[in-house]
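Make the full structure from the sequences, and use the hints.
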Amino acid sequence: MLGSLFVVVLLLTLGHKLLVQIRTGYERRQRAVFLPKIQAYINGDNGRFATYIPGPLGAWDRRVVLWTLLEQIRYVRGRVQERISVAFEDLGFVEEERKKLAHKRWTQRVEGAEKLGRMMSRRPLPELTRLMQDPVPEVRIRAAKALGAIGGLEAVASLLGALRDTNRWSALRIGDILGNLGEAAVQPLIQEFPRLPPSARVPAIDILGRLRSHTAVPLLVTLLRDRDENARARAAHSIGVIGDPRGAPDLVAALTDAAWPVRAMAAKALGMVPGNAGITGLQVALADREFWVRSNAAEALRLKGEPGYKALKGLLDGPDTYAAQKAASMLQEAGVFDAYVTQLVDGTPRERLAARTLLGKLVTLQRTDLLTDVAARHADPRVRDAVAGLLQPATAARA
Amino acid sequence: MNWQLWVARAIEAFNGFVLAYFLALNISYILLFFVSLREVLRFLKHTFFSDYQQILRSDMTLPITLIVPAHNEQKTIVDTVRSLQMLNYSEFEIIVVNDGSKDETLARVLAAYDLRRVDRVYKRSLPTRTVRGLYASPLVPNLTVVDKEGGGKADALNCGINLSKYPLFCSMDADSVIEDDALLKAVKPFMEHPEETVAVGGIVRCANGCTITEGRVTRIALPRRFLPVFQVVEYLRAFLSGRLGWSALHGLLLISGAFGVYRKQAVVEVGGYDSSTDTEDLELVMALHQVNRSEGRRYRIVFVPDPVCWTEVPNTWRMLRRQRNRWHRGMLQSLSRHRKMLFNPRYGVIGMLVLPYFLVFETMGPFVETLGYISVPLAWALGLLNTQYLLLFFLMAVAFGVFLSVAAILLEEISYRRYPSWEDLWKLLLCGVLENFGFRQLLALFKIQAFWEFLRGLRRWGRLERVGFGKAPGEGRVSAEVRR
Numbered sequence: 001m002l003g004s005l006f007v008v009v010l011l012l013t014l015g016h017k018l019l020v021q022i023r024t025g026y027e028r029r030q031r032a033v034f035l036p037k038i039q040a041y042i043n044g045d046n047g048r049f050a051t052y053i054p055g056p057l058g059a060w061d062r063r064v065v066l067w068t069l070l071e072q073i074r075y076v077r078g079r080v081q082e083r084i085s086v087a088f089e090d091l092g093f094v095e096e097e098r099k100k101l102a103h104k105r106w107t108q109r110v111e112g113a114e115k116l117g118r119m120m121s122r123r124p125l126p127e128l129t130r131l132m133q134d135p136v137p138e139v140r141i142r143a144a145k146a147l148g149a150i151g152g153l154e155a156v157a158s159l160l161g162a163l164r165d166t167n168r169w170s171a172l173r174i175g176d177i178l179g180n181l182g183e184a185a186v187q188p189l190i191q192e193f194p195r196l197p198p199s200a201r202v203p204a205i206d207i208l209g210r211l212r213s214h215t216a217v218p219l220l221v222t223l224l225r226d227r228d229e230n231a232r233a234r235a236a237h238s239i240g241v242i243g244d245p246r247g248a249p250d251l252v253a254a255l256t257d258a259a260w261p262v263r264a265m266a267a268k269a270l271g272m273v274p275g276n277a278g279i280t281g282l283q284v285a286l287a288d289r290e291f292w293v294r295s296n297a298a299e300a301l302r303l304k305g306e307p308g309y310k311a312l313k314g315l316l317d318g319p320d321t322y323a324a325q326k327a328a329s330m331l332q333e334a335g336v337f338d339a340y341v342t343q344l345v346d347g348t349p350r351e352r353l354a355a356r357t358l359l360g361k362l363v364t365l366q367r368t369d370l371l372t373d374v375a376a377r378h379a380d381p382r383v384r385d386a387v388a389g390l391l392q393p394a395t396a397a398r399a
Numbered sequence: 400m401n402w403q404l405w406v407a408r409a410i411e412a413f414n415g416f417v418l419a420y421f422l423a424l425n426i427s428y429i430l431l432f433f434v435s436l437r438e439v440l441r442f443l444k445h446t447f448f449s450d451y452q453q454i455l456r457s458d459m460t461l462p463i464t465l466i467v468p469a470h471n472e473q474k475t476i477v478d479t480v481r482s483l484q485m486l487n488y489s490e491f492e493i494i495v496v497n498d499g500s501k502d503e504t505l506a507r508v509l510a511a512y513d514l515r516r517v518d519r520v521y522k523r524s525l526p527t528r529t530v531r532g533l534y535a536s537p538l539v540p541n542l543t544v545v546d547k548e549g550g551g552k553a554d555a556l557n558c559g560i561n562l563s564k565y566p567l568f569c570s571m572d573a574d575s576v577i578e579d580d581a582l583l584k585a586v587k588p589f590m591e592h593p594e595e596t597v598a599v600g601g602i603v604r605c606a607n608g609c610t611i612t613e614g615r616v617t618r619i620a621l622p623r624r625f626l627p628v629f630q631v632v633e634y635l636r637a638f639l640s641g642r643l644g645w646s647a648l649h650g651l652l653l654i655s656g657a658f659g660v661y662r663k664q665a666v667v668e669v670g671g672y673d674s675s676t677d678t679e680d681l682e683l684v685m686a687l688h689q690v691n692r693s694e695g696r697r698y699r700i701v702f703v704p705d706p707v708c709w710t711e712v713p714n715t716w717r718m719l720r721r722q723r724n725r726w727h728r729g730m731l732q733s734l735s736r737h738r739k740m741l742f743n744p745r746y747g748v749i750g751m752l753v754l755p756y757f758l759v760f761e762t763m764g765p766f767v768e769t770l771g772y773i774s775v776p777l778a779w780a781l782g783l784l785n786t787q788y789l790l791l792f793f794l795m796a797v798a799f800g801v802f803l804s805v806a807a808i809l810l811e812e813i814s815y816r817r818y819p820s821w822e823d824l825w826k827l828l829l830c831g832v833l834e835n836f837g838f839r840q841l842l843a844l845f846k847i848q849a850f851w852e853f854l855r856g857l858r859r860w861g862r863l864e865r866v867g868f869g870k871a872p873g874e875g876r877v878s879a880e881v882r883r
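Protein chains in written order, with this note's numbering: chain A, 1 to 399; chain B, 400 to 883.
It cannot be assumed that every hint is accurate.
[Said to hold, decoys possible] The calculated SDA-like cross-link candidates involving lysine to any residue, where the alpha carbons are at most 25 Å apart (straight line), are:
| hint | chain 1 | residue 1 | chain 2 | residue 2 |
| --- | --- | --- | --- | --- |
| 1 | B | 444 | B | 592 |
| 2 | B | 444 | A | 176 |
| 3 | B | 564 | A | 365 |
| 4 | A | 361 | B | 444 |
| 5 | B | 564 | A | 283 |
| 6 | B | 564 | B | 665 |
| 7 | A | 104 | B | 665 |
| 8 | B | 444 | A | 26 |
| 9 | B | 564 | A | 26 |
Read the hints as simulated data drawn from the structure, not as lab findings.
This is the structure we're talking about:
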């Protein structure tokens with residue numbers, strides 16, 4: 001029995017390999033034959049597909065034509081895309097995939113929906129809409145995706161319905177589909193938002209951010225005061241992703257939220273919002289009792305550029321040790337001290353003094369790793385000496 | 400009844416036990432194979448139309464920290480970091496942890512990226528050896544290099560976790576090559592089940608024989624020598640028909656240290672990687688099981704067969720022995736440490752199925768197998784067993800092994816077909832047969848030696864003299880540690 005099992009497995013392995021190689025080779029050859037004809041059809045003004053590639057086609061040839069057309073339709077729009085969709089209909093591919101939508105195996109339904117979405121034919125719209133009631137979430141998502149691709153705005157309601165299947169993967173995909181629909185998808189989503197179940201609200205907030213529409217900002221600002229802390233945190237993040245300065249005052253207010261994830265997200269978002277709004281709030285957030293809030297606030301100030309650096313420098317000799325340490329660390333990583341190090345020897349007397357004062361603050365804070373590195377490795381010996389001189393008190397203290 | 404009769408009966412009973420043992424082992428392998436086959440087909444159907452580019456272009460994708468522990472990796476570290484920088488992923492940071500290297504690992508990576516020492520404030524969630532310095536550059540904001548006192552891979556990974564700023568981290572080896580889309584594929588389970596997924600493992604494949612250019616696999620081929628090809632077959636069997644099956648049964652016990660993605664919070668909760676065992680990867684997964692099961696949480700530790708990590712496997716018997724010694728010793732240490740889960744229904748499939756399987760077949764297996772190879776032929780030679788029994792024993796011990804190896808090659812062939820040429824397929828099939836005549840038996844002996852070392856409390860890291868990808872022995876990489 002084992003012997004026959006072994007022989008079966010061996011034959012299956014070899015047979016499969018042989019079949020795959022024969023099929024791949026055949027398809028490669030046939031593709032080379034069909035592609036110019038398919039492109040001639042796509043770019044032609046009239047004539048059915050059969051005038052370019054007369055039928056009937058064998059099963060393997062149909063497969064080659066199907067995948068070649070599916071590949072071509074990905075890159076075209078407008079009339080050319082319509083001609084490819086018509087070819088799918090004429091060749092019976094749309095009908096074949098429509099039948100799969102009623103198949104008892106969900107993987108077949110998924111395949112049907114996916115291919116129909118790519119074929120862009122409007123014929124299966126009723127079946128795809130019905131498929132939004134399928135018991136399998138994956139089928140519903142694929143149907144929503146197909147509807148999004150084919151039906152444009154008609155599919156938005158269905159897509160929002162799919163948001164009820166909440167996990168990050170579904171939300172990401174729905175966000176991607178709605179993102180392709182652009183600004184037009186925002187208003188229906190905003191209108192639908194109050195009716196969404198609690199589990200769908202957070203993904204919807206993420207999607208509003210993904211759509212990057214300023215129209216969504218007022219709703220997101222309202223959500224900064226939501227009862228659910230997760231919703232507040234995601235709303236802050238989405239405002240940041242949209243980058244609308246109108247949201248900045250509310251984000252600053254969110255820096256004092258009771259929940260630290262909200263404060264951390266608000267700090268991160270303020271870094272993404274253009275302009276100088278929120279710098280003072282971020283300075284305060286650097287002294288937050290939660291590490292991640294301080295960390296995000298420092299990163300946000302770094303993203304603000306020169307005004308942010310100025311704020312960070314101002315914190316170096318401030319009363320809060322956490323804030324001073326974090327500011328020193330962020331300024332080092334941003335490379336801000338490099339210019340000051342050079343000014344120690346090459347600057348005007350005023351610049352030298354400013355450089356000595358600022359770098360002296362690092363020594364006082366005992367954040368001397370960068371300076372020690374400069375003192376050891378800088379190309380200019382004068383800079384090395386100057387920095388070593390600055391470091392002397394710290395070295396003496398350590399000794 | 401005289402003593403000869405007693406001896407004969409004892410030998411007969413032992414041989415009966417050996418036969419029953421092999422029968423049970425093979426049945427479990429075959430069941431696992433069919434579970435894996437189903438899982439591979441299911442996975443292929445699920446992912447056939449998966450557009451991983453959606454993950455890539457979405458800002459809802461979870462960001463990842465890549466932690467690269469490096470110990471004496473001067474020859475590869477710059478290429479490794481360069482290849483990681485080119486990974487297809489939207490938001491990630493790379494933390495290279497120089498774990499007390501004696502060579503120029505640190506100097507080379509600092510010079511390549513013009514990194515300077517910085518004072519970074521970070522949260523020390525896990526205890527580690529002293530950090531000597533942190534290096535970063537405003538020009539490469541997603542790269543941090545940590546220089547620390549040598550403390551082993553576990554300690555280096557813990558240090559990387561402390562410094563990471565993202566919710567997920569990927570542990571890897573400095574000398575492994577991760578495929579461009581591997582992170583996108585590995586992160587998908589975290590997106591599908593964000594609350595439950597705590598760890599995801601990918602498949603590790605043998606890079607010997609492949610051509611690797613600038614940290615990327617550019618041509619896949621089997622090595623010329625038989626020993627690495629035996630390991631290619633063994634890896635296929637272990638990953639495609641072992642781990643995949645266990646993962647489907649919610650009993651995955653090991654995520655390879657060469658490539659695994661974890662939820663940071665979950666790892667910190669169990670105290671991070673444990674430096675006191677020889678296999679920190681196995682120990683971590685067992686600890687994750689223990690904590691989550693004892694707390695009664697819903698959690699997922701899954702194996703995804705598609706994200707690929709390429710790694711060099713030992714080219715010599717001596718290196719192989721050291722590597723397998725360490726792996727087996729580590730397994731025994733972890734089994735012993737988590738013995739309270741054994742046969743404990745509170746730990747579900749882990750306590751009632753997976754750990755007993757490891758205890759019976761992995762721990763006892765080498766002894767039963769080796770003694771069987773001695774006692775059955777001996778008993779036959781002494782006329783205590785008939786030829787039919789002897790043949791039945793070899794059928795169970797060897798022929799089943801051949802069947803399972805070929806079955807694993809079939810799984811590879813119907814799923815990923817990474818070795819496209821007929822020559823490679825023939826070679827795999829040939830080695831699938833040959834590895835059952837000597838290779839497997841030697842591995843059993845290595846495990847017995849490891850058991851002895853475990854009893855004596857020995858701990859040591861095997862050191863592999865790396866040949867380097869596509870190079871002859873003596874060239875290329877040297878002295879990189881063997882890591883699973």
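For each hint, the structure was consulted:
Proximity of residue 444 (chain B) to residue 592 (chain B) is assessed by CA-CA distance (about 19 Å); at most 25 Å being required, the pair is judged to hold. With a CA separation close to 22 Å, the supplied pair residue 444 (chain B) and residue 176 (chain A) stays within the 25 Å bound. Restraint check for residue 564 (chain B) and residue 365 (chain A): satisfied, since their Cα atoms lie roughly 24 Å apart, inside the 25 Å limit. For the hint pairing residue 361 (chain A) with residue 444 (chain B), the CA-to-CA distance comes to about 61 Å; that exceeds 25 Å, so the pair is violated.
Note on residue 564 (chain B) and residue 283 (chain A): the hinted pairing holds, with a Cα-Cα distance of about 20 Å set against a maximum of 25 Å. The straight-line distance between the Cα atoms of residue 564 (chain B) and residue 665 (chain B) is roughly 15 Å, inside the 25 Å bound, and the hint therefore holds. Straight-line distance between C-alpha atoms of residue 104 (chain A) and residue 665 (chain B) comes to about 39 Å, which puts the hinted pair past the 25 Å bound. Taken as a hint, the residue 444 (chain B) and residue 26 (chain A) pair is honoured in the structure, with Cα atoms around 24 Å apart against an allowance of 25 Å.
Distance check on the hinted pair: residue 564 (chain B) and residue 26 (chain A) sit about 51 Å apart at the alpha-carbon level, beyond 25 Å; violated.
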